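**Student:** Below are the chains, spelled out letter by letter.
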Amino acid sequence: MSQSFEEISAQLKKRHRRSARMKWMTMGALILAAVFLVFFISDMVVRGWPAFQQAQIKVDITYNEQSKEIPLAAVNETVRPLVSRGVFRTLPQRMESNPELMGTTKTQWVIADSPVDQYLQGNKSELSAEAREVVDRLVRQGRAELKFNTRFFTAGDSKMPELAGIAAAAIGTLMTMLVTMSVCFPIGVMTAVYLEEFAPDNKLTQIVEININNLAAVPSILFGLLGLAIYIGFFGVPRSSPLVGGLTLALMTLPVIIISTRAALRSVPDSIRHAAFGVGCSRWQVVRDHVLPVSLPGILTGSIIGLAQAMGETAPLILVGMVAFIPEASMTLTDASTVMPAQIFTWASEPDSAFAEKTAGGILVLLAVLIFLNALAVWLRNKFERRW
Amino acid sequence: MNDTTLQDFQTQQEPPMTSEGGAREQYSDAPTPDKGQPVTRNENVEENLSVRVRDLNLWYGEHQALNDISIDIFANTVTALIGPSGCGKSTFLRCLNRMNDLISTVRIKGLVEMDGRDVNARGMDEVALRRRVGMVFQKPNPFPKSIYENVAYAPRMHDMVSRKADQDELVERALRDAGLWNEVKDKLYEPGTSLSGGQQQRLCIARAIAVQPDIILMDEPTSALDPISTATIEDLMDKLKKDFTIVTVTHNMQQAARVADYTAFFHLGDMIEYNATKQMFANPHTKKAEDYITGRYG
Numbered sequence: 006m007s008q009s010f011e012e013i014s015a016q017l018k019k020r021h022r023r024s025a026r027m028k029w030m031t032m033g034a035l036i037l038a039a040v041f042l043v044f045f046i047s048d049m050v051v052r053g054w055p056a057f058q059q060a061q062i063k064v065d066i067t068y069n070e071q072s073k074e075i076p077l078a079a080v081n082e083t084v085r086p087l088v089s090r091g092v093f094r095t096l097p098q099r100m101e102s103n104p105e106l107m108g109t110t111k112t113q114w115v116i117a118d119s120p121v122d123q124y125l126q127g128n129k130s131e132l133s134a135e136a137r138e139v140v141d142r143l144v145r146q147g148r149a150e151l152k153f154n155t156r157f158f159t160a161g162d163s164k165m166p167e168l169a170g171i172a173a174a175a176i177g178t179l180m181t182m183l184v185t186m187s188v189c190f191p192i193g194v195m196t197a198v199y200l201e202e203f204a205p206d207n208k209l210t211q212i213v214e215i216n217i218n219n220l221a222a223v224p225s226i227l228f229g230l231l232g233l234a235i236y237i238g239f240f241g242v243p244r245s246s247p248l249v250g251g252l253t254l255a256l257m258t259l260p261v262i263i264i265s266t267r268a269a270l271r272s273v274p275d276s277i278r279h280a281a282f283g284v285g286c287s288r289w290q291v292v293r294d295h296v297l298p299v300s301l302p303g304i305l306t307g308s309i310i311g312l313a314q315a316m317g318e319t320a321p322l323i324l325v326g327m328v329a330f331i332p333e334a335s336m337t338l339t340d341a342s343t344v345m346p347a348q349i350f351t352w353a354s355e356p357d358s359a360f361a362e363k364t365a366g367g368i369l370v371l372l373a374v375l376i377f378l379n380a381l382a383v384w385l386r387n388k389f390e391r392r393w
Numbered sequence: 462m463n464d465t466t467l468q469d470f471q472t473q474q475e476p477p478m479t480s481e482g483g484a485r486e487q488y489s490d491a492p493t494p495d496k497g498q499p500v501t502r503n504e505n506v507e508e509n510l511s512v513r514v515r516d517l518n519l520w521y522g523e524h525q526a527l528n529d530i531s532i533d534i535f536a537n538t539v540t541a542l543i544g545p546s547g548c549g550k551s552t553f554l555r556c557l558n559r560m561n562d563l564i565s566t567v568r569i570k571g572l573v574e575m576d577g578r579d580v581n582a583r584g585m586d587e588v589a590l591r592r593r594v595g596m597v598f599q600k601p602n603p604f605p606k607s608i609y610e611n612v613a614y615a616p617r618m619h620d621m622v623s624r625k626a627d628q629d630e631l632v633e634r635a636l637r638d639a640g641l642w643n644e645v646k647d648k649l650y651e652p653g654t655s656l657s658g659g660q661q662q663r664l665c666i667a668r669a670i671a672v673q674p675d676i677i678l679m680d681e682p683t684s685a686l687d688p689i690s691t692a693t694i695e696d697l698m699d700k701l702k703k704d705f706t707i708v709t710v711t712h713n714m715q716q717a718a719r720v721a722d723y724t725a726f727f728h729l730g731d732m733i734e735y736n737a738t739k740q741m742f743a744n745p746h747t748k749k750a751e752d753y754i755t756g757r758y759g
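Note that the protein sequences, when read in sequence, are chains A and B.
For the first sequence, our numbering begins at 6 and goes up steadily by one.
For the second sequence, our numbering begins at 462 and goes up steadily by one.
None of these hints come from the bench; they were simulated from the model.
One thing to keep in mind: the hints can contain errors.
[As the list claims (entries may be wrong)] What the simulated footprint calls covered on chain B by chain A, stretch by stretch (three residues with Cβ under 8 angstroms from a Cβ of chain A suffice, anywhere in the stretch; the number is not a length):
hint : stretch
1    : 575-582
2    : 614-620
3    : 662-672
4    : 734-748
None of these values were measured; they are calculated from a predicted model.
Using N, Cα and C, we set each Cβ at its ideal position, and we do this for glycine too.
Turn these sequences into a full structure, and let the hints guide you.
**Tutor:** This is how it looks when you write it as structure tokens:
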């Protein structure tokens, strides 16, 4: 005896309610996560935006013999305390390389001192009352304003916050990543190819697999200790160099690349391998001519994601010394350098409150690079995804 | 993936021999009468023989899949292997080109002899074997390359051709022989996967014949195709047997009746009967074969 639709529907009410509750709960979780994300990003943007703006003052600079000896004399007394010390330091050099400047007076925009910058941004500033009046007057005259801070992207670190930039750290990151990728990409891919295509299915292979999976979960600071003890202590690699930083990060990224390459290789259907064996390919030919070309997009995607992870690592690099003060990046692999996350860390430790905005600005730049890399990985994966 | 070959597990009374006389003596002679005497086409049996299988046993781990299979496959014929699901037809087919080596739990005992050589012997290179024994699979699996590359890849890899002109000629000949040339001659560089199912299967056949094997194994080649493509491929099998020996597994008895010269009936790992197709279908020797052919079970 079967029930009518009405009877069954009445019984189902409870199940439908539970189903709807589940739907709202999971949606709520998503919204909560999105709110955290929006909150974090907007907080960073609000804090970091001032880093991209720098106060500049239009002053008259007198180039003569006196100002060559005493650069401070090149500028009018009232505006002298408002100009960045760094500007004065570069004056004699400019006069050396441009002799035609001698005996002239030029009006130009120069970088203002940090307190002026903080005052114009609206933060707490140590400017005296008279100095503030001078600044206000200059603003009214149109001789002081906030301009876009290109120096942030072109200069290295500096003791003076108004002159500090992330360029040196960016170059350091680039070189460190070059070392990391050139070591762990070939080794990782070839290890994964061996484990997936050639290794027999026995106890030893399983032990290796378990260990690789565990290595991927090891806290990164331990790799820093390893780098310190073995690379610097035993092999004598120069401390604080992109070489040692890259090698340390390579060890850390290796398990990630192995795992993602294995997943890419596994996603190649066996029918292709069988077809290749069927026409008389040796195992190496099957891998080289059929499996690898098809799985290459997946391998690249995994490598880019591993690269993005390595780029944001700070703790292991601190241990191998990449928190040095680097005003200018050298392009060699053995000189001391720093990386972007370490630079952010250094700025965050500075007592001067003007560095707070630099910290947030640095975070924004790093986030932009990481988002770009991940978007590139997703795009690659979508473009080359095949339907068998 | 496992590369272990089966030599470690194979037990033979004596080391494998390459001389014909020696290899014969230790095994039972021609298939015994209750399994159906194959009709020999002429007195000199050796000339017509393509593959000799004697007392072939195969285990997947503990489970025995083939029990003492003995069969003669004749050159330039189409031999069909029929039987209900799970009876060992595909397993047996894969023994002929050692594709079972790819499965790690497989253990083989017995003789599979081609051209006077034991195929499972220690000295036999399975890559060389697969050059002479081609395979077409149940689900069409062209390489993810262009149509041209699909056909040209293997001959180039085996150093059969090198110059572009030679490759072009070989590709055209293989595609013509597979009955695909007219449909693809304008789009040779399109991906192989852009073709229809029947065309893909013919591409796989072209790929198999491009290396000029002696034997072509076909594992249910038309089971995934529509009737028109099936008919095309059956015509192809008939045409190809002039140059190749074809062994095909088929679920479809009517197909066996249509294309095959010889038919072997398998049941639960045993080969019950082996005979010329007309004889087998008109007058089966064994009850099991008769029941299957008349459709009493399937």
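**Student:** Next step is simple, just say for each hint if it's right about the structure.
**Tutor:** We went through each hint and held it up to the structure:
no.: 1; hint: 575-582; verdict: violated (count 0)
no.: 2; hint: 614-620; verdict: holds (count 4)
no.: 3; hint: 662-672; verdict: holds (count 4)
no.: 4; hint: 734-748; verdict: violated (count 0)
Comparing the model with each numbered hint stated earlier shows that hints 1, 4 do not hold.
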